[in-house]
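Each residue of the sequence shown is one higher than the one before, starting from 1 at the first, in full-length UniProt numbering.
Derived from the structure by calculation, the hints contain no laboratory data.
Mixed in with the good hints there might be a few duds.
To be verified - Here are the in silico distance ranges between beta carbons for each label pair:
(1) Ser218 <-> Leu160: 17 to 27 Å
(2) Asp211 <-> Leu130: 21 to 31 Å
(3) Asp211 <-> Asp338: 25 to 35 Å
(4) Pro542 <-> Lys190: 17 to 27 Å
(5) Ala194 <-> Leu153: 34 to 44 Å
Claimed, not checked - In silico BS3-like pairs for lysine-lysine, Cα to Cα no more than 30 Å straight-line:
(6) Lys399 <-> Lys509
(7) Lys509 <-> Lys463
(8) Lys399 <-> Lys463
(9) Lys414 <-> Lys379
(10) Lys319 <-> Lys258
(11) Lys511 <-> Lys379
(12) Lys417 <-> Lys511
(13) Lys258 <-> Lys497
(14) Lys511 <-> Lys319
(15) Lys294 <-> Lys379
(16) Lys497 <-> Lys509
(17) Lys190 <-> Lys228
(18) Lys463 <-> Lys228
(19) Lys399 <-> Lys228
(20) Lys399 <-> Lys414
(21) Lys228 <-> Lys511
(22) Lys417 <-> Lys294
(23) Lys235 <-> Lys552
(24) Lys235 <-> Lys497
(25) Lys379 <-> Lys319
(26) Lys235 <-> Lys414
(27) Lys463 <-> Lys299
On a predicted model such as this, the values are computed, not experimentally measured, just so you know.
All C-beta atoms, glycine included, are put in the ideal place defined by N, C-alpha and C.
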Amino acid sequence: MATAYNMFQSETTSIMAVVVETVITEISPFLRVVPNSYNPERELCTIMNLVTGEAIRKICQLFLVASSSLQNENVKLKTKVEQMTQLFENNTHPGRRSHVPMEKAVFEGWLESVSASFLSLSDQQRNQSLDQLISLSNAVQLRHLSNGLEALLKRDFLRLLPLELTFYLLRWLDPQTLLTCCLVCKQWNKVISACTEVWQGVCRDLGWRIDDSIQDASHWKGVYLKAKLRMMQLKNQEAFETSSLIGHSARVYALYYKDGLLCTGSDDLSAKLWDVRTGQCIYGIQTHTCATVKFDEQKLVTGSFDNTIACWEWSTGAKIQQFRGHTGAVFSVDYNDDLDTLVSGSADFSVKVWALSAGACLNTLTGHTEWVTKVILQKSEVESMVHCPGDYILLSADKFEIKVWPIGREINCKCLKTLSVSEDRGVCLQPRLQFDGRYIVCSSDLGVYQWDFASFDILRVIKTQDPANLSLLSFGEVFSLLFDTDFLYVMDLRTEKITGRWPLPAYRKSKRGSSFLPGVTSWLNGLDGRNDSGLVFATSMPDHSIHLVLWKENTTRGETYDG
1 MATAYNMFQS ETTSIMAVVV ETVITEISPF LRVVPNSYNP ERELCTIMNL VTGEAIRKIC
61 QLFLVASSSL QNENVKLKTK VEQMTQLFEN NTHPGRRSHV PMEKAVFEGW LESVSASFLS
121 LSDQQRNQSL DQLISLSNAV QLRHLSNGLE ALLKRDFLRL LPLELTFYLL RWLDPQTLLT
181 CCLVCKQWNK VISACTEVWQ GVCRDLGWRI DDSIQDASHW KGVYLKAKLR MMQLKNQEAF
241 ETSSLIGHSA RVYALYYKDG LLCTGSDDLS AKLWDVRTGQ CIYGIQTHTC ATVKFDEQKL
301 VTGSFDNTIA CWEWSTGAKI QQFRGHTGAV FSVDYNDDLD TLVSGSADFS VKVWALSAGA
361 CLNTLTGHTE WVTKVILQKS EVESMVHCPG DYILLSADKF EIKVWPIGRE INCKCLKTLS
421 VSEDRGVCLQ PRLQFDGRYI VCSSDLGVYQ WDFASFDILR VIKTQDPANL SLLSFGEVFS
481 LLFDTDFLYV MDLRTEKITG RWPLPAYRKS KRGSSFLPGV TSWLNGLDGR NDSGLVFATS
541 MPDHSIHLVL WKENTTRGET YDG
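Could you build the full structure based on these sequences and the hints that come with them?
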């Protein structure tokens with residue numbers, strides 16, 4: 001290769017000598033000015049760009065001297081210059097010369113020989129050889145080289161791999177990378193947007209409920225965009241908004257929420273039923289002082305600081321039943337119409353079971369040594385040695401213990417199980433007790449405790465930053481809602497990290513936990529694009545109003561999720 005190049009350089013030098021003589025011979029007769037339409041300096045620059053060496057310097061000198069006084073016969077001169085330019089181009093750039101190509105057989109033999117020689121070189125020698133070939137190549141070869149390198153170095157695996165393998169690889173990418181990949185090209189966007197499992201997975205990672213019957217990948221991609229927006233809103237304190245209910249004239253210490261309606265019981269001897277969405281008061285009836293309330297469509301049950309329980313009819317405001325027997329304030333009530341049973345917990349340390357329709361006391365359960373601040377009447381969903389699925393179970397809680405009771409009319413009914421955080425009663429339980437038929441959850445001065453109702457074993461203890469001041473509102477499968485004196489918190493239970501918080505005003509505090517409550521709680525088991533609406537949190541205020549925290553409407557570029 002080097003020998004051929006040297007021969008080419010020698011040939012060029014000989015040509016240069018001929019050109020110099022030609023220029024001297026041809027230019028010297030033309031000593032008149034050339035018209036403006038022809039620029040000899042420009043043509044000279046063309047030649048200078050094509051050749052180098054002593055010959056071109058001589059041409060430059062002669063041509064520049066002559067150009068200042070050339071006259072009218074420019075046509076002939078221009079023709080000569082163009083001929084010279086073509087001559088230099090053909091001989092100084094052999095890749096551009098017009099030549100007769102090798103015959104196919106000869107070329108194939110030559111190519112095989114060169115290839116064999118190339119393979120015998122070291123890496124450095126190969127690189128030098130390629131550099132030399134590139135320097136001799138014109139635009140056609142360089143374009144061919146560029147296209148070939150792109151195909152070799154930039155492999156599009158999304159196009160080349162089978163679709164199943166592509167989807168498997170995509171599952172390892174984080175959501176932001178997936179969205180970035182969608183912008184690479186139309187083909188990538190089409191492939192990535194068609195992977196249902198990938199988008200279902202990233203939605204699940206954000207705490208979204210997944211309906212596996214929906215296999216439309218574009219649907220789940222849209223759900224992810226909506227879910228991502230909602231989680232960003234939680235992080236940036238933009239997910240909620242606030243409202244107030246005004247109507248009571250004395251402190252409000254009893255709240256109960258159900259199906260978009262909020263009941264409030266006050267020391268002004270009234271109870272009101274509010275539509276949370278509109279803020280309108282639907283019913284307002286005269287009652288006794290209310291320490292706790294629970295309602296349905298027809299009736300309201302209230303526990304009072306006057307040691308009694310009463311049942312009221314919403315439509316007329318009439319008292320339809322009264323329950324007497326406690327010797328202390330009634331702090332918690334629960335009832336079940338199918339069982340015709342009402343249960344109550346009191347400051348007299350007892351739990352009573354009542355006939356709901358007749359008002360008669362069926363049983364008094366003793367064993368607590370503190371105020372009974374919470375009672376729950378709930379079906380069991382699991383089986384154990386002391387209960388079967390479908391059995392109704394009564395739970396009661398005081399400052400230190402949670403007791404599990406059977407529902408029966410036997411006198412001196414025995415407690416089935418007592419749960420506590422510490423044996424020496426050195427750790428207090430927070431007032432909010434939760435039971436869904438499978439798990440018992442309660443917060444304490446050490447953190448949030450979760451018990452398995454089938455075995456009564458402690459499944460989990462969530463250590464919070466300030467457990468003595470952080471209270472549980474509600475506990476789900478994915479999220480938990482907690483609060484302290486300053487903020488409402490959303491915790492991701494999978495990581496036990498706070499994913500969002502919301503500032504709270506100086507609300508009225510209650511050691512029994514009766515002056516605050518969670519609203520809609522289904523979203524704690526996983527958001528689905530529809531359950532992130534309505535009431536999140538309600539609490540009574542020192543000015544006797546009710547402070548509401550509600551979900552803001554979630555939209556993605558103006559489009560709501562309809563899945």
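Going down the list of hints, with the structure as the test:
Taking 17 to 27 Å as the suggested C-beta distance range, the pair serine 218 and leucine 160 conforms, at roughly 24 Å. Evaluation of the 21 to 31 Å hint for aspartate 211 and leucine 130 yields a failure: the beta carbon distance comes to about 58 Å. Here the CB-CB span from aspartate 211 to aspartate 338 is close to 31 Å, well matched to the stated 25 to 35 Å. Checking the proposed 17 to 27 Å range against proline 542 and lysine 190 shows it is violated: the Cβ atoms sit about 59 Å from each other.
A beta carbon spacing of about 27 Å between alanine 194 and leucine 153 contradicts the range 34 to 44 Å that was offered as a hint. A C-alpha spacing of about 16 Å is found between lysine 399 and lysine 509, which places the hinted pair at or below 30 Å, so the restraint holds. At roughly 23 Å between alpha-carbon atoms, lysine 509 and lysine 463 fall within 30 Å of each other, so this suggested pair holds. The straight-line distance between the Cα atoms of lysine 399 and lysine 463 is roughly 19 Å, inside the 30 Å bound, and the hint therefore holds.
In summary, the hint linking lysine 414 to lysine 379 is supported, as the alpha carbons are separated by about 19 Å, within the 30 Å threshold. Annotation: proposed proximity of lysine 319 to lysine 258 holds, straight-line Cα distance about 21 Å (limit 30 Å). Of the supplied pair hints, the one linking lysine 511 and lysine 379 holds, its CA atoms being roughly 28 Å apart against a limit of 30 Å. Taking the CA atoms of lysine 417 and lysine 511, the gap is about 25 Å. The hint holds against a cut of 30 Å.
Straight-line distance between C-alpha atoms of lysine 258 and lysine 497 comes to about 29 Å, which keeps the hinted pair within the 30 Å bound. As the CA atoms of lysine 511 and lysine 319 are separated by approximately 29 Å, the hinted pair is consistent with the 30 Å bound. Restraint check for lysine 294 and lysine 379: satisfied, since their Cα atoms lie roughly 18 Å apart, inside the 30 Å limit. Note on lysine 497 and lysine 509: the hinted pairing holds, with a Cα-Cα distance of about 26 Å set against a maximum of 30 Å.
Distance check on the hinted pair: lysine 190 and lysine 228 sit about 21 Å apart at the alpha-carbon level, within 30 Å; holds. Restraint check for lysine 463 and lysine 228: satisfied, since their Cα atoms lie roughly 27 Å apart, inside the 30 Å limit. Annotation: proposed proximity of lysine 399 to lysine 228 is violated, straight-line Cα distance about 40 Å (limit 30 Å). Of the supplied pair hints, the one linking lysine 399 and lysine 414 holds, its CA atoms being roughly 20 Å apart against a limit of 30 Å.
About 37 Å separates the Cα atoms of lysine 228 and lysine 511, which puts this hinted pair outside 30 Å; it is violated. With a C-alpha separation of about 26 Å, the suggested pairing of lysine 417 with lysine 294 holds against the 30 Å cut-off. With a CA separation close to 14 Å, the supplied pair lysine 235 and lysine 552 stays within the 30 Å bound. A C-alpha spacing of about 12 Å is found between lysine 235 and lysine 497, which places the hinted pair at or below 30 Å, so the restraint holds.
Between the alpha carbons of lysine 379 and lysine 319 the distance comes to roughly 29 Å, so the proposed pair stays at or under 30 Å and holds. Our distance criterion of 30 Å between C-alpha atoms is broken by lysine 235 and lysine 414, whose separation comes to about 48 Å. Our distance criterion of 30 Å between C-alpha atoms is broken by lysine 463 and lysine 299, whose separation comes to about 40 Å.
In this structure, the earlier hints numbered 2, 4, 5, 19, 21, 26 and 27 are contradicted, and the remaining ones agree with it.
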